[in-house]
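Novice: Heads up: the sequence lines are chains A and B, in that order.
FYI, the numbering for the first sequence is 6 to 231, going by this note's numbering.
FYI, the numbering for the second sequence is 93 to 310, going by this note's numbering.
Since the hints were made in silico from the structure, they are not lab data.
Quick partial rundown of chain A residues pointing at chain B, CB under 8 angstroms, derived from the structure:
#1 GLU95
#2 MET96
#3 GLN106
#4 LEU162
Heads up, incomplete: computed chain A residues facing chain B, CB under 10 angstroms, no partners named:
#5 GLU64
#6 LYS67
#7 GLU92
#8 GLN98
#9 LEU99
#10 THR159
Some chain B residues flagged as far from chain A (calculated, every beta-carbon gap over 12 angstroms):
#11 ARG126
#12 ASP209
#13 ILE211
#14 GLU219
#15 LEU306
Think of the CB as a built atom: it goes at the ideal place given N, C-alpha and C, for glycine as much as any other residue.
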Amino acid sequence: MQQMEAVTADIRMGSRSASAIVADGIRGEILHHKLKGGDRLRQDAWASRFGVSQMVAREAFKQLVAEGFLRIEPRRGVSVATMSPEEAWEMTQLRSLLECQALRWAIPKITRADLDRAAKVLTQLDKAKTVDRKIALNAEFHQLLYLPSRKERTLGLIATLRVNFERYLRYTWEETHHFEQSQREHREMLELVRNSAVEEAASLLNKHIIATGELLVKSLEAGDQV
Amino acid sequence: MAIETSAATSSAASFVATVLREEILTSGLAEGERLLQDATASRFGVSQMVVREAFQELLYAGFLVAEPRRGVRVAQLDPMSAEETTVLRSLLEPCLFNAAIPQMTDDDFERADAILDSIDSGETIDEKLFLSASFHDLLYARANRERFAGVVRQLRASFDRYLRLPIVDEAFARRSRLEHEEILACCREQRAADGAVLLREHILSTGAMIVSYLKSRT
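Produce the entire structure from the sequences given, and follow the hints as far as they go.
Specialist: Put into structure tokens, the structure is as follows:
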């Protein structure tokens, strides 16, 4: 027992970053489809792969379960989470409610500097070459609009949902028509925010989120591997 | 073996989190009080890793706040936070309610009635709050929206502290009872829209009362 405590103590010193590194590794493999929905993950295998203790691997698993990437099944252990069309729809509605509220709170506090920064991000988004870059810039754009709300809890929930959902939306970024429509809506939203048109901006954001969600639901219903 | 270890650590962490949560709710631990990882580990006779896990749980639930490099403190009850939680609840709970109503059974209605009766005869604040939470859980149980339900559970759990403030008194309990009964009546009569409106108002008015009390005490 004492030995385990000593080992635990050693690991604890760097444990937070070690488990985050393992979690990043697993998350990356899931996002890039190297691990597929339903694949089982073994604590010991991942621990040896990263050269860490099983406790660290367990912490990484726990983090990813909280983010919705992994699922625990009694007696079956941990596997990569899958999403049903119903769940995708549910998450879309949840995202819409939370993000539109964050926007409503933020608009009265948004500054010209925030708006200029957001406009710059949209220009960069137009020029982005890779899906990863597009995803990051899109997240940054939305974040710039919500952050001024200063509503920590809401922003935290939105961030968790986004990370959770993002893996399923990767393919929508490769769809040109959807991308162009998305960018039009982004620019329109920015104008509405600039003019403090709170309800119109929230309404457009709702439409924007639902549109992406519907694409995903249709695709899951068709049984596409996302 | 690894699974047993992890289960043991997790349940130790849950135990520590439960005890700390109770102390925060009953003001055994004061708002703003700092909690030290090593002192807490000694107190409970567990490893610091277990304490960290317990702290994570409480941070996530809004009972503790983290200060970079300074550890954790008991979260202050603050009006802005109460307002934020209230608005989110008012958006999400009516959705769950709408999704649940068509699936609710006579059995559910009877159980809900029984809960409302027990709240009246509940002796401690803990009992009343627990039963009140059970009433809401029952209203939403048949919604079959696990994600929504998960977020709502978190929000409600973090609101528990606010419901223990002195402003939440007998008069409030009486009003609450009437509002709960009206909502239940809407369920029975399958009047989802009316029920959702009443539920939203119930959540908003409770929140408004608590926010105004907190603003007045600073």
